[in-house]
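*Asks:* Residues per chain are reported as follows:
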Amino acid sequence: MNLDFGNEYDKFRAEVTDFCSKHKGVQLTGNLFGRYETIKRSRSSNSDGETMPLAEWQKLLIENGYFARNIPKQYGGYGGDLDIVKNVIINTEFSKAGIPSGTGGQGIDFLVPTLLEMGTEEQRQQYIKPALHLETIWCQGYSEPNAGSDLASLQTKGVLDGDEWVINGQKIWTSTAKYSQMMFCLVRTEPDEPKHKGISYLLIPMDAPGIEIRPLVDMTLDAGFNEVFFTDVRIPATNIVGKRGEGWLVANKTLVHERGSLGDPDKMITRLNLLIALMKNETMNGERVIDHPVFRDRLMKIQGKTLALKAHGLRLLSANLNKSQNVDLGIMIVKLFGTEMRYELEALAIDVMGELGTLYEESPHIRDAGSWQYAFMYYLGLIIGGGTSQIQKNIISERGLGMPKAPKIKEA
Amino acid sequence: MYFGLSEEQQFFQDTIAKYLEDNVTIEAVREYAKGDNQRFADDIHQGLVELGINNLIIPEQYGGLGLDLLYAAAVSQSLGAGIAPVPYIGSYVMAPLAIILAGSMDQKTKYLNAISSHELHFGFGATEYVTSRENAGIVIDGNTASGRSLFVIDGFNASHFILTTKEGTIFIVNADDPNLEVIQLTTIDKTSEISELILSNCQIEVLEESINNTSIIERVVDIGRIMIASDSLGASQTMIDKSVDYSKERKQFGRVIGSFQAVKHMCAEMTANIQPCYSMIWYAAHCQDNIPEESRLMATHTKAHVSDVASSIAKTSTEVHGGMGFTDDLGLHYWFKRIGLNRQLLGGVEINREEAAKVQGF
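Quick mapping for you: the protein sequence lines, in order, are chains Z and C. Residues in the first sequence are numbered from 1 upward in steps of one, following my numbering. Residues in the second sequence are numbered from 1 upward in steps of one, following my numbering.
Hints were generated in silico from the structure; no laboratory data involved. Beta carbons are placed, not taken as given, at the ideal position from N, Cα and C, and that holds for glycine. Do not take every clue at face value.
[Claimed, not checked] Quick list of simulated restraints, FRET-style, between CB atoms:
| # | chain 1 | residue 1 | chain 2 | residue 2 | range |
| --- | --- | --- | --- | --- | --- |
| 1 | Z | Lys-323 | C | Glu-21 | 27 to 33 Å |
| 2 | Z | Leu-321 | C | Phe-326 | 42 to 48 Å |
| 3 | Z | Lys-73 | C | Asn-213 | 55 to 61 Å |
| 4 | Z | Asp-351 | C | Asp-22 | 50 to 56 Å |
| 5 | C | Ser-159 | Z | Ile-276 | 56 to 62 Å |
| 6 | Z | Leu-82 | C | Arg-39 | 55 to 61 Å |
| 7 | Z | Pro-293 | C | Asn-290 | 45 to 51 Å |
| 8 | C | Glu-21 | Z | Thr-388 | 34 to 40 Å |
| 9 | C | Asn-290 | Z | Arg-13 | 15 to 21 Å |
| 10 | C | Thr-15 | Z | Leu-221 | 56 to 62 Å |
| 11 | C | Lys-358 | Z | Ala-277 | 14 to 20 Å |
| 12 | Z | Ala-277 | C | Phe-326 | 56 to 62 Å |
| 13 | Z | Leu-359 | C | Ile-198 | 54 to 60 Å |
| 14 | C | Ser-6 | Z | His-365 | 52 to 58 Å |
[Stated by the list, open to error] Short derived list, chain C residues pointing at chain Z, Cβ under 10 Å:
| # | residue |
| --- | --- |
| 15 | Phe-326 |
| 16 | Glu-354 |
| 17 | Ala-356 |
Use the sequences and the hints to build the structure in full.
*Replies:* What follows is the structure, encoded as structure tokens:
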């Protein structure tokens, strides 16, 4: 066991902390993705620093190598080495200083790595830089009304007509669709092939004629999602990543990444510390909630889980640096463990506030801008989205533990 | 940066696991549990001593291997996994640690060498320092001590005992002392040795450094907690492995039950819960020697969290086995009961979480 990253990183850490202290308290303006971003941001920094538009901050981070660090310069990244330790140092120091890290989103988190791996040179040149610099916002068109957990049964059709794809169908759960200029989309282009082999990965401009976006209001009362309808939408035949019928393969490369990213222990610890602060402030009959033995025990339970997740994060990081370590099972459990636990944490905060915990929106007496109720519901969404907890359990048991798949039953 | 067991630590752990796999059959455990086969437990104890479990953490100058707590935790996991009916946590981790931390030069030379050469071994009693039940407790008067200690660990054939007062003073008493009464307690877990000691003016040797210094008993108890958590981790993993194997063989409704999502999801949940426990235990053990500011918090939380996870695995894995899980024939209950005992030793989950809160000043 050796938790040192080594002296060679001391200088790098010093540079990062220097940057952090220079920009401590920075307030970002502009809002790309709706209310949750605003709430998160209002909680993450104090208000006495400089103000800066979101996109400008993003560029500053990239220039300094604190975002898009290992994406080549020619595509608008920093062009640094792929060094996960440096990424860890950046995350840790930013989170310590309470300054906002770079803005991700579906385009940056999922499309960019996909293009780097499977895109053509032309596609990389065209799409990566504007995505990183927040000039082009991307949304993900995967789920359909009849293709949720069983995503590969999706039916949105793409037919090649000359040098154009003609697309018809419907997508759902498309977050950020109304803010987006582009969509990366899974479309059935080979209807005669088996379901996993009949899908292509297409890039669709959201202003193409025939696209209709209808907001889908979720339980938080945000229109965080949308339905997107396609009626004879025409896009160039070249707007495809990978070959025809390879879409499932292309998409799966990044789904793995999505599931791993939902259990970030640093964020959990930050949230836990806010919960502790809340429990020290809130009172019942004049006594602090944290002094109440039952509430304190519940807090300790969550803290125990958080510390387990934190240690687990170190194990996953270590396996990334030391190829002899096998953590396949350890990776598979992160989405399930992380989202369920976060939901439990937010639920405790609501109980801590009692009746006050039910206040919402702009109500008098509301605490922390309503972020606890909001996140409580938001995380229920995350338990479902990106592969439900039940799908995660199928993956863990089938791929991780080698348990047999359920036998197929014939359609009734 | 390297987080986890080193190759050497894994090798050591695997050696212990392999030995137990080859020598501890469920039939032998069952006989031993009935009280019919003490010889079996003695043989296993002897075999494990030959592999070095007794002198693992003792410094080389006292005849030990001088290995760190991560080794000790790794071994503990194997003992729990293999349901080894032998003394370990009290005799070979907590006792030598107490002597290393609080003993005089003479005491270290005398006792540590003797543990290393397997001439003697200790039972360890710290229950009353954590939580006294039935008002048990021991009072020291000069060179003698009187009172009662409950749930002394590893005491069945011990030559000596290490005990503590409620104030945390640690002392040694000889098992041959005519004023000492040793009563074997029968717990659910027949693979562990739990005793009650009654002292009536017993001659004692105090470990001087522990007087007015609770940090020593705290550290010994915390390390004991990590070891117990690791024992439960091993036991839990065995129960999961048995469940997965069974679910791939047992057929109902014309298919193996492991193809039903209800069963798969039980196994997946157990896996999701246990995976972070490995890291938590390793990190907690690492903190003891390397990150003192987190060591108390991690030890108390690890004992509580792993106990909760283990208890739920004990239940769920038994359910995966259906009616068979409930039988003595299958013997799954030996792990269930070991987890059940471990959960309460050195403080149950509420006690440990309350300590964790206090450590942070809540």
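*Asks:* Hint by hint, say whether it matches the structure.
*Replies:* Hint check results:
| no. | hint | result |
| --- | --- | --- |
| 1 | Z:Lys-323 x C:Glu-21: 27 to 33 Å | holds (28 Å) |
| 2 | Z:Leu-321 x C:Phe-326: 42 to 48 Å | holds (45 Å) |
| 3 | Z:Lys-73 x C:Asn-213: 55 to 61 Å | holds (59 Å) |
| 4 | Z:Asp-351 x C:Asp-22: 50 to 56 Å | holds (51 Å) |
| 5 | C:Ser-159 x Z:Ile-276: 56 to 62 Å | violated (48 Å) |
| 6 | Z:Leu-82 x C:Arg-39: 55 to 61 Å | holds (59 Å) |
| 7 | Z:Pro-293 x C:Asn-290: 45 to 51 Å | violated (32 Å) |
| 8 | C:Glu-21 x Z:Thr-388: 34 to 40 Å | holds (38 Å) |
| 9 | C:Asn-290 x Z:Arg-13: 15 to 21 Å | holds (19 Å) |
| 10 | C:Thr-15 x Z:Leu-221: 56 to 62 Å | holds (60 Å) |
| 11 | C:Lys-358 x Z:Ala-277: 14 to 20 Å | holds (19 Å) |
| 12 | Z:Ala-277 x C:Phe-326: 56 to 62 Å | violated (47 Å) |
| 13 | Z:Leu-359 x C:Ile-198: 54 to 60 Å | holds (59 Å) |
| 14 | C:Ser-6 x Z:His-365: 52 to 58 Å | holds (54 Å) |
| 15 | Phe-326 | violated (22 Å) |
| 16 | Glu-354 | holds (7 Å) |
| 17 | Ala-356 | holds (5 Å) |
Consistency note: the structure conflicts with the earlier hints numbered 5, 7, 12, 15.
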